[in-house]
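Undergrad: One-letter residues, chain by chain:
Number of protein chains: 2
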Amino acid sequence: MDVRHSRTRLIVPALPAAGETLRLSREEALHARARRLVAGDPVLLSDGSGAEGTGHVVRISRKEMIVCVSEIVDRRPQELRVKLYLAGLRPERLAWAVEKATELGAAGVVLVRTARTQSFRASAGLLPRLERIVRESSKQCGRAEWPAISGPVDFEQVLEDEHCRERLFLDADGARFPLRLDRESSALLVGPEGGWTDPERTEASKRGWKIVALPTGTLRAETAAIAALALVAAAAKR
Amino acid sequence: MDVRHSRTRLIVPALPAAGETLRLSREEALHARARRLVAGDPVLLSDGSGAEGTGHVVRISRKEMIVCVSEIVDRRPQELRVKLYLAGLRPERLAWAVEKATELGAAGVVLVRTARTQSFRASAGLLPRLERIVRESSKQCGRAEWPAISGPVDFEQVLEDEHCRERLFLDADGARFPLRLDRESSALLVGPEGGWTDPERTEASKRGWKIVALPTGTLRAETAAIAALALVAAAAKR
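As you go down the protein sequences, you meet chains A and B in turn.
Here the working numbering is used: the first residue of the first sequence is 7, the next is one more, and so on.
Here the working numbering is used: the first residue of the second sequence is 7, the next is one more, and so on.
One should not assume that every hint holds.
Claimed, not checked - Computed footprint of chain B on chain A; a stretch qualifies when at least three of its residues, placed anywhere within it, have a C-beta under 8 Å from a C-beta of chain B: (1) 55–67; (2) 101–112; (3) 147–154.
No lab work stands behind these hints: they were computed from the structure.
The structure presented is a predicted model; accordingly, all values stated were derived computationally and were not measured.
A virtual CB, placed ideally from N, CA and C, is assigned to each residue, including glycine.
Looking at chain A on its own, in the form it has when it is part of the complex (with noise of 0.2 Å):
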């Protein structure tokens, strides 16, 4: 029996060690009485981190609940890893983005300011939203490993920090999307409703990006995003 589709998965901030006990916050609570569980119900705790907690359910009232821990696992995938840096975009289409890059299994989402993003589109004031959306979306699909979501970053800081091996810069007059990713991580760099200036093409290619273009025509930012997701998926499977 796969213990993930029958126990009912709870948020906790930190994975405890097995054998504790642990109060959950009063959000998990009431998700777990609308879901008609009672004292000596499994559960399965989960906290992000790619590990996940078994247990049961000690005590549940109005007020409280309490869970106690019986084994802790590690559920990492032994998949490629990507990270998804993302130009700002409107609310509801990044709010979209981020939901649907949790289910594709995207290791972090970074908000990420270019010369034609609106600096309101990444500001730090969205994550704490975005980080919701992660949380819901994994506990819909069941993902133990959730994207770590951050930012805003600067363009130019990008290039200069992300050092993976596999970068691949979307833009609609680059080169074929590779076919194999065998690299064990890959960063996917998605620009912003807008384009890319010349200046940040040449750039991101000096720095040893890859500007490849999606087998598609022209789409909206945060499609792409999900588009290439899959690709990187698809390609580190074959």
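Chain B: place on chain A using the hints.
TA: Showing chain B alone in chain A's frame:
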């Protein structure tokens, strides 16, 4: 110069012949006035057929807009044509799926009633809104050929009616998603949130559909549809 980037795109019910004039809908006239078009300005006309008309504004006022068509050009891309069969989803997720399917070049989207589809999720009443989304999305990404939206159709009827050579049935337990698709057209069948029933899976396989899985973990139905469309586009280009 690529005229598709410099002219305002307007939607017409059906393209006339070259040399003819045309009165536009009130909605398009409003759009044109918002773009500050005046008599003499060049426009691009789409009816979703894959052909495009180039022309110019003859007269524009609060009440009416007349354009003259100078040339009709076939813009149908020489790509694989993909028809997406999609079980009903929650309205906002269905709307996203249709917007993204349009961007990714789907030739058609058909709503399907499966054993686990709630009937109001796949009803003809949803079609007008979805058609509006297709038109808006096409305009946004400059596609001259739009997916036809149709249905709802019963699952059994889809198996009965769809005879293209490359028929892909998405299922988490399926075989590896194909790397190459050499056919001119393909069909993609995506199930509801609750998944397929065993009889549905068996019947589809018996009728020659390939049961295939995406290279990622559990995805929501609309994410699976979009990821699959991206993979089909990549597989067709290789």
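Undergrad: Against each hint, give a clear statement of whether it holds in the structure.
TA: Here's how the hints hold up against the structure:
no. : hint    : verdict
1   : 55–67   : violated (count 0)
2   : 101–112 : holds (count 5)
3   : 147–154 : holds (count 3)
Against the hints set out earlier in the document, a violation occurs for number 1 only.
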